[in-house]
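Student: These protein sequences, in sequence, are chains Y and C.
Counted from 1, the first sequence has number 4 at position 4 by the working numbering; the numbering is strictly sequential.
Counted from 1, the second sequence has number 72 at position 72 by the working numbering; the numbering is strictly sequential.
Note that these hints are calculated values from the structure, not bench results.
A couple of the hints might just be wrong.
Here are the simulated lysine-lysine pairs, DSS-like style, with alpha carbons at most 30 Å apart [claimed, not checked]:
hint, chain 1, residue 1, chain 2, residue 2
1, Y, K89, Y, K221
2, C, K221, Y, K31
3, Y, K89, Y, K31
4, C, K108, C, K31
5, C, K31, Y, K221
6, C, K183, C, K89
7, Y, K108, C, K31
8, C, K108, Y, K221
Pair ranges (Cβ atoms, derived) [unchecked claim]:
hint, chain 1, residue 1, chain 2, residue 2, range
9, Y, A220, C, R402, 42 to 48 Å
10, C, P264, Y, E263, 55 to 61 Å
11, Y, P43, C, D67, 41 to 47 Å
12, Y, R61, C, I110, 31 to 37 Å
13, C, P382, Y, G288, 47 to 53 Å
14, Y, A220, C, G400, 27 to 33 Å
15, Y, A220, C, E355, 50 to 56 Å
16, Y, A220, C, D67, 44 to 50 Å
17, C, G321, Y, P277, 34 to 40 Å
18, C, A44, Y, P72, 39 to 45 Å
Glycine residues also receive a C-beta, built at the ideal position from the N, C-alpha and C atoms.
The chain contents come next:
There are 2 protein chains.
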Amino acid sequence: MDEATVPSADLARAVEARLAASHDDIVERLKSFVAIPSVSTDPAYRDDVARAAGFVAERLRSIGLADAAVRPTEGHPVVTASWRGAPGKPTVLVYGHYDVQPPDPLDKWISSPFEASIRDGRLYARGASDDKGPMLIPIEVAAAFLAETGRLPVNLVFLFEGEEEVSSAHLEPFVAANREALKADFALSADGAQWRADLPSVTVGSRGICALEVTVTGAAKDLHSGRHGGAVANPIQVLARLLAGLHDDRGAVAVPGFYDDAEPVTEAELAAIAAIPFDERAYLDSIGAPEGAGESGYTLLQRNWVRPTLEFNGIVGGYTGAGKKTVIPSQASAKITCRLVPGQDPRRIPQLVAEDLRRRAPRGVTVDVRVEHGGAASYAIPADHPGLVLSEDVLESVLGRRPVRVRMGATIPIGEVFRRVLGIDTVFFSFATVDEDYHAPNEFFRLSSLESGLKAWTRYLARLGERP
Amino acid sequence: MDEATVPSADLARAVEARLAASHDDIVERLKSFVAIPSVSTDPAYRDDVARAAGFVAERLRSIGLADAAVRPTEGHPVVTASWRGAPGKPTVLVYGHYDVQPPDPLDKWISSPFEASIRDGRLYARGASDDKGPMLIPIEVAAAFLAETGRLPVNLVFLFEGEEEVSSAHLEPFVAANREALKADFALSADGAQWRADLPSVTVGSRGICALEVTVTGAAKDLHSGRHGGAVANPIQVLARLLAGLHDDRGAVAVPGFYDDAEPVTEAELAAIAAIPFDERAYLDSIGAPEGAGESGYTLLQRNWVRPTLEFNGIVGGYTGAGKKTVIPSQASAKITCRLVPGQDPRRIPQLVAEDLRRRAPRGVTVDVRVEHGGAASYAIPADHPGLVLSEDVLESVLGRRPVRVRMGATIPIGEVFRRVLGIDTVFFSFATVDEDYHAPNEFFRLSSLESGLKAWTRYLARLGERP
Chain Y
1 MDEATVPSAD LARAVEARLA ASHDDIVERL KSFVAIPSVS TDPAYRDDVA RAAGFVAERL
61 RSIGLADAAV RPTEGHPVVT ASWRGAPGKP TVLVYGHYDV QPPDPLDKWI SSPFEASIRD
121 GRLYARGASD DKGPMLIPIE VAAAFLAETG RLPVNLVFLF EGEEEVSSAH LEPFVAANRE
181 ALKADFALSA DGAQWRADLP SVTVGSRGIC ALEVTVTGAA KDLHSGRHGG AVANPIQVLA
241 RLLAGLHDDR GAVAVPGFYD DAEPVTEAEL AAIAAIPFDE RAYLDSIGAP EGAGESGYTL
301 LQRNWVRPTL EFNGIVGGYT GAGKKTVIPS QASAKITCRL VPGQDPRRIP QLVAEDLRRR
361 APRGVTVDVR VEHGGAASYA IPADHPGLVL SEDVLESVLG RRPVRVRMGA TIPIGEVFRR
421 VLGIDTVFFS FATVDEDYHA PNEFFRLSSL ESGLKAWTRY LARLGERP
Chain C
1 MDEATVPSAD LARAVEARLA ASHDDIVERL KSFVAIPSVS TDPAYRDDVA RAAGFVAERL
61 RSIGLADAAV RPTEGHPVVT ASWRGAPGKP TVLVYGHYDV QPPDPLDKWI SSPFEASIRD
121 GRLYARGASD DKGPMLIPIE VAAAFLAETG RLPVNLVFLF EGEEEVSSAH LEPFVAANRE
181 ALKADFALSA DGAQWRADLP SVTVGSRGIC ALEVTVTGAA KDLHSGRHGG AVANPIQVLA
241 RLLAGLHDDR GAVAVPGFYD DAEPVTEAEL AAIAAIPFDE RAYLDSIGAP EGAGESGYTL
301 LQRNWVRPTL EFNGIVGGYT GAGKKTVIPS QASAKITCRL VPGQDPRRIP QLVAEDLRRR
361 APRGVTVDVR VEHGGAASYA IPADHPGLVL SEDVLESVLG RRPVRVRMGA TIPIGEVFRR
421 VLGIDTVFFS FATVDEDYHA PNEFFRLSSL ESGLKAWTRY LARLGERP
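Here chain Y stands alone, though its shape is the one from the complex:
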């Protein structure tokens, strides 16, 4: 019997068995992968990011994808590989990212962020959940198919970027310049995350993002706060006032024009969100928050999924060490990101915020606003997309329960980029879970999710291979 005619369930079973037998090897590879501190936001880690790209390309070559390559961009490199040996079958663009968030605050990690530690069925390391564990899954699944049958059930193009944590700034030009090579029927993303550990879900939309940084400068140097206090402006005081003015008393963003282009949320969307089982208290307990907060007039999930936000990600100025230092700092600065909803332009919004900050700058200081390149618009997949429906079927078969459709407060820029540049939609098929503390100390990835993910990707590709 030719491999191509093996029923997909039998094929999947054989590949799943092979993957189960390789479990320890796969975990070891994940450990090696997370040991590379590929922090994309900090130039100090540039070589490590490159090293992680090399690790991915080498693994893709070793499983039999001869064209695997580290492809330079103006930022961190992209890794690509392809297998197109199934003419007439669908072609899927597999997406993931090998870069990670910074590990700080380091003192809050129980084990070293770049040395995997397995405790209670969880692999702890920076990047384990976002996105090294999840992106390793389709590679390992492809490896198992190739080892088992010498071929894949569908055509695959792998695209792994190294700038997801910095808004995928150079992904779009790369995709645009490689349209033909990346040609596919749809994208299947290993990044995205399950909404809850106890409730299977598929993500059908994500918010966009834009980022800026504001710096207030007073005197040219730090001043003694007694000698000079009262004489000149205090940049922290000015910054606090500027930031406080970005929200109104109801918690809404006060920047003129901020909401102008945001598409209104439909009644149907609001009803769908209301229908999702959600224990607000349990959620708040899970993150240790005393209560919910934010824009009034919306539920917690509505605020998080379908309302735009303006968040402060960092602030610093003056003396921040132990004890006190009686100084008026020369500068104080804050990092800001906005999460965007459909209609909001990631290039226009930060300009509106910047204009508002500059307009309100008082005398005695200079206010510099630096808008970051590489924002991303919001994205939503059509409700009847066949790749989406297949993902729901497969998740139900693996997890025993039909997944709910959820939105995501976070941003995956690729959805919007792939649609605009390649004309294809993106199905999010990630096995990270939202409680895994990515972007925080003690990030972890459940080994049970690794197993579910390997099964699910196997069945997904096998069943997709049945289609013409």
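Since the structure of chain Y is already known, use the hints to place chain C on it.
Tutor: Chain C in isolation, oriented as in the chain Y frame:
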């Protein structure tokens, strides 16, 4: 001729000549002194602070003060020494401090902060101007008198503390416990600083100080700003709003009760300030500030000298490294100090600020305010104090111009402590200059000020010795 009958001018000339001949040795001793990083605010430097105390005591012993000793307190030690061989002559309590401010931001120092570098007649090092250079002067002058004549013109008690930069928290109990040993007619402070490099001045009053730190805590851990943004409070947003509310639109402190006990500034005081030659633009240029700012309705000098302030000395929260990190931090905090005027209680004021912050704390966060111990009240010397008038006469003889009387925006807690606990006033006789970047990178001390200071202290003690 007995030494005691040598005319003071001749005696001073001989001692000045001896000091001039020792110039290089004195500079070397200052270099050794500033090489000890006696940063009192940071526990990491505890041993260095103790080492600096030992250095001072050893020097005092070596010049012939056998009772020189490092005296423990509940904080950093005090160094004392005395010479009481001139019965019937005045007794002066000489004050200075051997602790220094933290050196950061380290990257802004041109030469290493704890390795003296002499450039253009200035000795650059942390503590060179505040207060190691100035406090070395009376020691060197006493050394020269003792070497020249075997005695001093007046009785001296030396008191050098190690906590001036942390509000002299343990000085008052030490002074109270050593009232008899410290008994003197008045105090002469080597700390205090000349107001301007080009205009001799004597300081007749200083503002008080109190300190507190506010910490806003939201969730128990840092959160992904996409995943959770909009759902829960952002501690930086809350902190900015709390801090912004501490001043009103006119730049005045908005804390209820803040001004209630502040004694009104008299017309005479305002007129005296107006009579002082002051080039506001030159001052602003000297610190690189675009313009003055602060409480409206007052001139720059009035705001700085006789109006209380609430200053932010440091703020930190979230990600502050290079690039961006999409995080909602668990915490954000700010350091605050207030400068106080006569009437304001350094214990009551921070409680008022703390109450205001706590009262305005919104839902979804906890607001912790820690009030620092060891504040200090404002101080002013009586206008006709003989020690003050002598300081003016001596400065005129050394610098060729009658000094103006100025106030100080900064705090020297000893003025108020010595008056309250010992019943004596304090004459500020420092040769630091306000532009010497203490509390900032590249602190320096003018070698010309070292020479002027050595002459002035010599003449001051010689002339005071003429008095019964």
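Student: Hint by hint, note whether the structure agrees.
Tutor: Now for the hints, and whether the structure bears them out:
no.	hint	verdict
1	K89(Y) with K221(Y)	violated, 66 Å
2	K221(C) with K31(Y)	holds, 25 Å
3	K89(Y) with K31(Y)	violated, 34 Å
4	K108(C) with K31(C)	holds, 21 Å
5	K31(C) with K221(Y)	holds, 25 Å
6	K183(C) with K89(C)	holds, 13 Å
7	K108(Y) with K31(C)	violated, 40 Å
8	K108(C) with K221(Y)	holds, 9 Å
9	A220(Y) with R402(C): 42 to 48 Å	violated, 33 Å
10	P264(C) with E263(Y): 55 to 61 Å	holds, 59 Å
11	P43(Y) with D67(C): 41 to 47 Å	violated, 58 Å
12	R61(Y) with I110(C): 31 to 37 Å	violated, 51 Å
13	P382(C) with G288(Y): 47 to 53 Å	violated, 58 Å
14	A220(Y) with G400(C): 27 to 33 Å	holds, 32 Å
15	A220(Y) with E355(C): 50 to 56 Å	violated, 36 Å
16	A220(Y) with D67(C): 44 to 50 Å	holds, 47 Å
17	G321(C) with P277(Y): 34 to 40 Å	holds, 39 Å
18	A44(C) with P72(Y): 39 to 45 Å	holds, 44 Å
Consistency with the previously given hints fails for numbers 1, 3, 7, 9, 11, 12, 13 and 15, ordered from lowest to highest.
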